[in-house]
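Trainee: As given, the protein sequences belong to chains A and B, one line each in that order. Under my numbering, think of the first position of the first sequence as -16, with each following residue one higher. Under my numbering, think of the first position of the second sequence as -16, with each following residue one higher.
Hint data in this document are derived by calculation from the structure and do not stem from the laboratory. Fair warning: this is a prediction, and the values are worked out from it, not measured in the lab. Beta carbons: idealized from backbone N, C-alpha and C, even for Gly. Honestly, I wouldn't trust all of these hints.
[Stated by the list, open to error] If the Cβ cut is set under 8 Å, some of the chain A residues that face chain B in the computed set are:
| id | residue |
| --- | --- |
| 1 | Ala37 |
| 2 | Ser39 |
| 3 | Asp45 |
| 4 | Leu52 |
| 5 | Ala62 |
| 6 | Lys69 |
| 7 | Gly72 |
| 8 | Leu81 |
| 9 | Gln82 |
Spelled out from the first residue to the last, the chains are:
2 protein chains.
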Amino acid sequence: MKIVVQKYGGSSLATPERINSVATRIKRKVEKGYKAVVVASAMGKTTDELIDLARSVTEDPDPREMDMLLSTGEQISVALLAMALKDKGVKARSYNALQIEIKTTDHHTSARIVDINVDRIKRLLKENDVIVVTGFQGVNESGDLTTLGRGGSDTSAVALAVKLSCPCEIYSDVDGIYTCDPRLYPGAKKHKYITYDDVLELTSLGAKVLHSRAVELAKKYSVELYCASSFSEEEGTYVVGKLPEWLEEPVVTGTSLDKNQVKVTISNVPNDQRILSKIFEDVAKANINVDMISLVPVGNKAFLSFTIPEGFEKSLKDTVESTLEGLEDWNLEISKGFVKISVVGVGMRSSPGVAARFFKTLSKAGAHVELVTTSEIKISCLIPEEFGEKALRLVAEEFEL
Amino acid sequence: MKIVVQKYGGSSLATPERINSVATRIKRKVEKGYKAVVVASAMGKTTDELIDLARSVTEDPDPREMDMLLSTGEQISVALLAMALKDKGVKARSYNALQIEIKTTDHHTSARIVDINVDRIKRLLKENDVIVVTGFQGVNESGDLTTLGRGGSDTSAVALAVKLSCPCEIYSDVDGIYTCDPRLYPGAKKHKYITYDDVLELTSLGAKVLHSRAVELAKKYSVELYCASSFSEEEGTYVVGKLPEWLEEPVVTGTSLDKNQVKVTISNVPNDQRILSKIFEDVAKANINVDMISLVPVGNKAFLSFTIPEGFEKSLKDTVESTLEGLEDWNLEISKGFVKISVVGVGMRSSPGVAARFFKTLSKAGAHVELVTTSEIKISCLIPEEFGEKALRLVAEEFEL
Chain A
-16 MKIVVQKYGG
-6 SSLATPERIN
4 SVATRIKRKV
14 EKGYKAVVVA
24 SAMGKTTDEL
34 IDLARSVTED
44 PDPREMDMLL
54 STGEQISVAL
64 LAMALKDKGV
74 KARSYNALQI
84 EIKTTDHHTS
94 ARIVDINVDR
104 IKRLLKENDV
114 IVVTGFQGVN
124 ESGDLTTLGR
134 GGSDTSAVAL
144 AVKLSCPCEI
154 YSDVDGIYTC
164 DPRLYPGAKK
174 HKYITYDDVL
184 ELTSLGAKVL
194 HSRAVELAKK
204 YSVELYCASS
214 FSEEEGTYVV
224 GKLPEWLEEP
234 VVTGTSLDKN
244 QVKVTISNVP
254 NDQRILSKIF
264 EDVAKANINV
274 DMISLVPVGN
284 KAFLSFTIPE
294 GFEKSLKDTV
304 ESTLEGLEDW
314 NLEISKGFVK
324 ISVVGVGMRS
334 SPGVAARFFK
344 TLSKAGAHVE
354 LVTTSEIKIS
364 CLIPEEFGEK
374 ALRLVAEEFE
384 L
Chain B
-16 MKIVVQKYGG
-6 SSLATPERIN
4 SVATRIKRKV
14 EKGYKAVVVA
24 SAMGKTTDEL
34 IDLARSVTED
44 PDPREMDMLL
54 STGEQISVAL
64 LAMALKDKGV
74 KARSYNALQI
84 EIKTTDHHTS
94 ARIVDINVDR
104 IKRLLKENDV
114 IVVTGFQGVN
124 ESGDLTTLGR
134 GGSDTSAVAL
144 AVKLSCPCEI
154 YSDVDGIYTC
164 DPRLYPGAKK
174 HKYITYDDVL
184 ELTSLGAKVL
194 HSRAVELAKK
204 YSVELYCASS
214 FSEEEGTYVV
224 GKLPEWLEEP
234 VVTGTSLDKN
244 QVKVTISNVP
254 NDQRILSKIF
264 EDVAKANINV
274 DMISLVPVGN
284 KAFLSFTIPE
294 GFEKSLKDTV
304 ESTLEGLEDW
314 NLEISKGFVK
324 ISVVGVGMRS
334 SPGVAARFFK
344 TLSKAGAHVE
354 LVTTSEIKIS
364 CLIPEEFGEK
374 ALRLVAEEFE
384 L
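Same shape as in the complex, but just chain A:
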């Protein structure tokens, strides 16, 4: 039995016409001899609409009931998609997470998949050509519905592919993974192959092609991922553990721009691990995401910089002031109007000089670098917003992206 998992995102299923078009694609796959497990997201903006509905009933919706509510979105999609498939003569049936036993942890609104009743799916695939399964949701030990958090349908699809030992195709409104955002740099190229590691860095940098938990899972179990558009016939991108040998590994595989960054600098705090930890602890408690942390100790004092998203300035100021209450001489500076530009590439590991080329290009764009963070396969710099797009273009040219 040749099995494939296909996942279709919300925009791919946004209208009755789109649902029929997706059904036709699935039918073609079946005609090629495949049995398909199709994972569907909620149609278009359904999830957002359900969240709004809950908020109009109560300001603080109970998470268990929120999951009960949100999981209807995917159930609507799978029922309609199975109808469309049957209408086209395909033997298809839809199932929700309770029926297919997608077992998760107990964390409502952000559960993790722990097991799937794969024997049931294999039995169902003997009687049917297509099993349409609700993405994004699962069931905990008490039999309550759970959801996996934003983008969780990707994870559902990869988890099914892991359990069925088969490849996984992710269809969305994006036709593959590019070297950088084509809207910002029209010369951007599409990767035919890219490694899990590169995608993970690109995803966390804001290139929202694939949900990062899904890529991690695919990497862990070496599931072959393919992402393409459900709106066109163009070839997409294969996400793999290692690039094919005939393909020369590029040093840098992508560059990205994250806007609306706020730089925070706290100077002259005591260089005391307990105080520094306390700052980050309190900031996390205030639900503020911290990025690009940089710490410079000078004698018994320390200079601490990091970035936060726009909109949290007031809350950060209150938090830091309360954390450092009673201490003297420290100073807090918060400045808006920055972007984070990054280059990513597994090839960087074995290729020195990328940082130098990157900095030189940024300086050519006229951009002063305010903060730098690096990982083994990524370098990110914080620069003033006005230089962002020019810098991205020059970086894309420099690294032939």
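With chain A fixed as given, assemble chain B onto it according to the hints.
Mentor: Quick look at chain B alone, frame taken from chain A:
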């Protein structure tokens, strides 16, 4: 443990405000010491919207997938209602038919309940004050979702009350059961008590207060039914097996008017059981509902009259012509513009003369009676439309309704 089943219809849950108002009513019941099993219908017009959505995907939606789709409507309601209850400090949880194991037959879109896992509900009621359960839906032996057909939520509620041996309260936008439609006769009175049998006749006559399967079930297991409005505090109507002894049993408990009736007369057909059966068989196959059948045999010929709803005239003509093809001398007459006026009352059984008073009143209204059908507790007459409302008023006055 004092348990009550409450059912709230679609219009009672149509908006976030209505949901919060219903939650407040449920909370008051809990404060009186009750554990409540609340059955919820889909919000407002949700079911119709889902049917339209399915029809825009395919003209002929698969019934299994239709049930998978429609059952999301009630799941949205129960999640929102449980949220509203928790928000008001009530220990509540929502469950769908898969979770609560409402087992049904296999007939998609018109399944019948065969069992409910009542031990599970009792366990859940120990930990919670309110269990909110999806009405209208169940699960068949294969674990597929089924639905019970229009108005099925009433049946869900009564079935739960049967299994829990407790009373059942049905809330809707109607504040009880009246002697006749108050929109047609402002003097209509609300019953405080009425028998199952009278309600069954009234329901099938078009007074859509309660779903008839629900009333049959309540009658079979002597479940005390109470119907009232969720929009007001007015006392509703108790539906019982026998009226309280102190209450003098009225002879006639209600009168109703069914509009848009078409009279069909087939004269001079052979008085042959096979031919007559064939007519009704073929008409049923053409999906035409036949009512008020009257047959007069004259020698070896028969005169057959019955009524059908408006809109089926052409289809009926084609059917009868094809059934009687080859036979001679028969004649088909189809005439529109009639209404069916009925009086109902368990008391009729022991009280002669109701028919005479009814006919006399109709004649006082100037209405010629075209067809008559009677049951033990009901008399219906077909009269021309123009006399309908006047006749209803005079009948209501005659029988003090």
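Trainee: Checking each numbered hint in turn, tell me which of them this model violates, lowest number first.
Mentor: Going through the list in order, the structure violates hint 7 alone and respects the others.
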